[in-house]
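S.K.: Protein sequences appear in the order of chains X and E. All letters in the first sequence, in the order written, are residues 1 to 203 by this note's numbering. All letters in the second sequence, in the order written, are residues 1 to 203 by this note's numbering.
Don't read these hints as lab results, they were simulated from the structure. No incorrect hints appear here.
With a cut-off of at most 30 Å between alpha-carbon atoms, the simulated BS3-like pairs for lysine-lysine come out as follows:
no. : chain 1 : residue 1 : chain 2 : residue 2
1   : X       : LYS50     : E       : LYS23
2   : X       : LYS50     : E       : LYS50
3   : E       : LYS6      : X       : LYS50
4   : E       : LYS6      : X       : LYS90
5   : E       : LYS40     : X       : LYS23
6   : E       : LYS24     : X       : LYS90
7   : E       : LYS23     : X       : LYS23
8   : E       : LYS90     : X       : LYS23
9   : X       : LYS24     : E       : LYS24
10  : E       : LYS24     : X       : LYS23
11  : E       : LYS50     : X       : LYS23
12  : E       : LYS90     : E       : LYS40
13  : E       : LYS79     : X       : LYS6
14  : X       : LYS134    : X       : LYS164
15  : X       : LYS24     : E       : LYS90
16  : E       : LYS40     : X       : LYS40
17  : E       : LYS90     : X       : LYS6
18  : X       : LYS164    : X       : LYS79
19  : E       : LYS24     : X       : LYS50
20  : X       : LYS40     : E       : LYS50
21  : X       : LYS24     : E       : LYS50
22  : E       : LYS40     : X       : LYS24
23  : E       : LYS164    : E       : LYS90
24  : X       : LYS40     : E       : LYS23
25  : X       : LYS6      : E       : LYS50
26  : X       : LYS90     : E       : LYS40
27  : X       : LYS50     : E       : LYS40
28  : E       : LYS161    : E       : LYS90
29  : E       : LYS40     : X       : LYS6
30  : X       : LYS161    : X       : LYS90
31  : E       : LYS50     : E       : LYS24
32  : E       : LYS23     : X       : LYS24
33  : E       : LYS90     : X       : LYS40
34  : X       : LYS40     : E       : LYS6
35  : X       : LYS40     : E       : LYS24
36  : X       : LYS90     : X       : LYS40
37  : E       : LYS6      : X       : LYS79
38  : X       : LYS90     : E       : LYS23
Protein chains: 2
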Amino acid sequence: MGYSSKLVESAVEALAMLPGVGKKTALRLALFLVDQDETKVRGFSEAIWKMRNEILHCRICHNLSDTDVCQVCADQSRKRQEICVVESFKDVMAIEETGQFNGLYHVLGGVISPIEGIGPEQLNITSLIDRITKEPDEQFELVMAISPTIEGDTTIFYLSKQLKDLNVTISTIARGVSFGGELEYADELTLGRSIIARIPYEK
Amino acid sequence: MGYSSKLVESAVEALAMLPGVGKKTALRLALFLVDQDETKVRGFSEAIWKMRNEILHCRICHNLSDTDVCQVCADQSRKRQEICVVESFKDVMAIEETGQFNGLYHVLGGVISPIEGIGPEQLNITSLIDRITKEPDEQFELVMAISPTIEGDTTIFYLSKQLKDLNVTISTIARGVSFGGELEYADELTLGRSIIARIPYEK
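Construct all of the structure, not just a fragment, from the sequences and the given hints.
M.R.: In structure tokens, the structure reads:
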């Protein structure tokens with residue numbers, strides 16, 4: 001498209017770099033921003049740059065954090081021997097949202113995926129092992145909250161091998177049919193595995 | 001949602017102000033930006049702020065412009081007595097894209113819409129009349145390229161009343177079935193009107 005304004009063109013190009021935003025949407029967003037209050041757009045622009053510029057990864061768990069050690073790791077009321085291993089920041093948010101976990105986290109930064117060229121050395125695995133070996137007298141529980149995919153299972157398997165001589169028990173989050181879901185719509189693999197992994201009924 | 005990082009939270013809130021972007025999408029966009037190169041995100045943020053801060057409206061036609069007078073109005077090779085009246089910047093872009101118009105533009109900034117509380121005084125109508133009265137010896141043609149809606153038609157009617165004593169001929173862009181469209185999918189109104197407004201076939 002031909003833009004009569006270089007300023008609009010640059011803004012459209014910037015917005016079009018966002019995932020899922022094409023040139024047409026980017027133009028719509030740019031023209032929306034042109035119509036907004038100057039202070040509002042300044043705030044918009046600053047919030048994004050400030051986040052990128054100042055964001056840290058927690059020194060302990062690698063979670064995104066405003067400080068050297070994140071809020072969760074700094075919270076002394078949480079069980080320090082329970083570590084939930086997740087792929088990303090989003091998973092931490094999702095689990096925190098449930099209110100069902102009161103331990104700490106460890107963000108791997110992905111899963112092992114030969115197809116995407118991600119090996120164990122690119123993930124935050126060494127620091128996880130360090131966290132455990134640093135306190136040899138403690139009995140840790142690692143809760144693997146990793147996506148139930150081939151890559152996820154490979155990652156859990158790899159971790160379990162690496163951790164087998166340490167004072168650690170490993171669990172994975174339960175897999176099965178979703179609550180509120182209808183059985184007929186569950187995929188075969190999930191349904192099949194949830195039969196194999198059936199649990200005694202408690203009255 | 002609970003964010004462990006105020007920086008991320010602020011960026012998500014900023015991104016969620018964009019039209020069509022909810023909190024979930026905003027989080028996805030924010031995390032995408034966290035993963036990008038620092039210089040890239042700085043460029044992103046600056047392009048948007050620079051546009052909002054420096055953009056001007058052309059003194060003559062009200063089109064978005066980087067300069068006091070826009071490229072189109074400054075182009076002396078264009079026919080200065082043909083003025084295409086449009087609602088917005090996007091329409092100028094769309095018409096320029098066709099390459100079929102070689103006159104100037106006038107951007108109204110919307111259409112008359114009592115429902116949305118937009119009256120003629122909020123649109124750039126006075127300046128359009130000024131453009132024409134300033135050169136009483138010229139014969140102008142105004143091409144109304146306004147959306148074929150009730151509001152659009154009202155606006156054209158209002159303009160024609162205001163301009164009736166001036167040296168101006170008024171035309172509207174042709175309305176009818178789209179090229180390449182199938183008749184059975186055209187809406188009744190368009191199809192009906194395109195029969196009423198049928199034109200002699202030229203061999």
